[in-house]
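Based on the hints, put chain B in the right spot on chain A.
Those protein sequences? They're chains A and B, same order as listed. Its first residue numbered 1, the first sequence is counted upward by one per residue in the working numbering. Its first residue numbered 116, the second sequence is counted upward by one per residue in the working numbering.
These are computed hints drawn from the structure, not numbers from a lab. Bear in mind that the values here come from a model prediction, so they are computed numbers and not experimental data. Hints may contain errors.
Mimicking EDC-like on lysine to aspartate or glutamate, the simulated pairs with C-alpha atoms at most 20 Å apart in a straight line are [as the list claims (entries may be wrong)]: (1) A:Lys78 to A:Glu18; (2) B:Lys118 to A:Asp57; (3) B:Lys185 to B:Glu171; (4) B:Lys118 to B:Asp144; (5) B:Lys153 to B:Asp201; (6) B:Lys153 to B:Asp133; (7) B:Lys185 to B:Glu141; (8) A:Lys78 to A:Glu11; (9) B:Lys118 to A:Glu44; (10) B:Lys222 to B:Asp137; (11) B:Lys185 to B:Asp170; (12) A:Lys68 to A:Asp56; (13) B:Lys222 to A:Glu44; (14) B:Lys118 to B:Asp137; (15) A:Lys68 to A:Glu18; (16) A:Lys24 to B:Glu159; (17) B:Lys153 to A:Glu44; (18) B:Lys118 to A:Asp56.
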Amino acid sequence: DAGVIQSPRHEVTEMGQEVTLRCKPISGHDYLFWYRQTMMRGLELLIYFNNNVPIDDSGMPEDRFSAKMPNASFSTLKIQPSEPRDSAVYFCASSSTLSPNYGYTFGSGTRLTVV
Amino acid sequence: AQKVTQAQTEISVVEKEDVTLDCVYETRDTTYYLFWYKQPPSGELVFLIRRNSFDEQNEIRGRYSWNFQKSTSSFNFTITASQVVDSAVYFCALSRGQAGTALIFGKGTTLSVSS
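Pulled out of the complex, with its shape left as it was, chain A reads as follows (with noise of 0.2 Å):
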């Protein structure tokens, strides 16, 4: 299995415009998480979603993130407008209730740099 895949590894834009995360979770997981990681506030998880519907949200920051899970196999995370309190790592994460450890597999994450 390839992991958990995340695009892009790194992107640079400027405050206003919008930005899109994408995942794609190893597939036959039923969970998917996106975390973001900063310097201040450590690792903090933004949503999770079980079985493509969104299971937890309160902790997406504000009404500019979004995220929604099309299919089970893709994800994406949504900043409109980007500000620049915003950059971080975001990472993505998948898990299933059937594996013997369920343990959580993370992407590579995505480095944001809004600027």
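Chain B in isolation, oriented as in the chain A frame:
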């Protein structure tokens, strides 16, 4: 509420020294899971271990060992005979007993191993 505390922000050791990374957790659940992840300078999050709340046996994997003590709500990680390649940020994390719930991370401990 669930919480993970890693009181050591940074640790510096010389190669071949043993080092212990502390992790203290808070939860009201009787069933829960504890994790350790490694984040090397390249940035990805690497799964190291998962332990459930009913298994207090210590575990040893090569130079790595983990000590889980429910009485003190701690899940400490020891690296024996540290190596330069062990330099990374190490995160302790907690999840609730139900499958598929999100990970709650500590702030991480940065370990620097010099030669």
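Tested hints:
Simply put, lysine 78 of chain A and glutamate 18 of chain A have alpha-carbon atoms about 7 Å apart, close enough for the 20 Å limit, and the pair holds. With a CA separation close to 19 Å, the supplied pair lysine 118 of chain B and aspartate 57 of chain A stays within the 20 Å bound. Between lysine 185 of chain B and glutamate 171 of chain B the alpha-carbon distance is near 7 Å, which keeps this suggested pair within the 20 Å criterion. Distance restraint check for lysine 118 of chain B and aspartate 144 of chain B: the Cα-Cα separation of roughly 12 Å lies within the 20 Å cut-off, and the hinted pair is therefore satisfied.
Between the alpha carbons of lysine 153 of chain B and aspartate 201 of chain B the distance comes to roughly 9 Å, so the proposed pair stays at or under 20 Å and holds. Taking the CA atoms of lysine 153 of chain B and aspartate 133 of chain B, the gap is near 17 Å; set against the 20 Å cutoff, the hint holds. For the proposed pair lysine 185 of chain B and glutamate 141 of chain B, the alpha carbon gap of about 10 Å is at most 20 Å, so the pair holds. Taken as a hint, the lysine 78 of chain A and glutamate 11 of chain A pair is honoured in the structure, with Cα atoms around 13 Å apart against an allowance of 20 Å.
For a cut-off of 20 Å, the pair hint linking lysine 118 of chain B to glutamate 44 of chain A stands: about 12 Å separates their Cα positions. The straight-line distance between the Cα atoms of lysine 222 of chain B and aspartate 137 of chain B is roughly 12 Å, inside the 20 Å bound, and the hint therefore holds. Pair hint lysine 185 of chain B plus aspartate 170 of chain B holds up; C-alpha atoms about 10 Å apart against a cutoff of 20 Å. For the hint pairing lysine 68 of chain A with aspartate 56 of chain A, the CA-to-CA distance comes to about 12 Å; that is within 20 Å, so the pair holds.
Restraint check for lysine 222 of chain B and glutamate 44 of chain A: satisfied, since their Cα atoms lie roughly 10 Å apart, inside the 20 Å limit. Distance check on the hinted pair: lysine 118 of chain B and aspartate 137 of chain B sit about 14 Å apart at the alpha-carbon level, within 20 Å; holds. Using a Cα cut-off of 20 Å, the hinted pair lysine 68 of chain A and glutamate 18 of chain A holds, with the two alpha carbons roughly 15 Å apart. At roughly 16 Å between alpha-carbon atoms, lysine 24 of chain A and glutamate 159 of chain B fall within 20 Å of each other, so this suggested pair holds.
With a CA separation close to 16 Å, the supplied pair lysine 153 of chain B and glutamate 44 of chain A stays within the 20 Å bound. The suggested pairing of lysine 118 of chain B with aspartate 56 of chain A holds, with an alpha-carbon distance near 18 Å, which does not exceed 20 Å.
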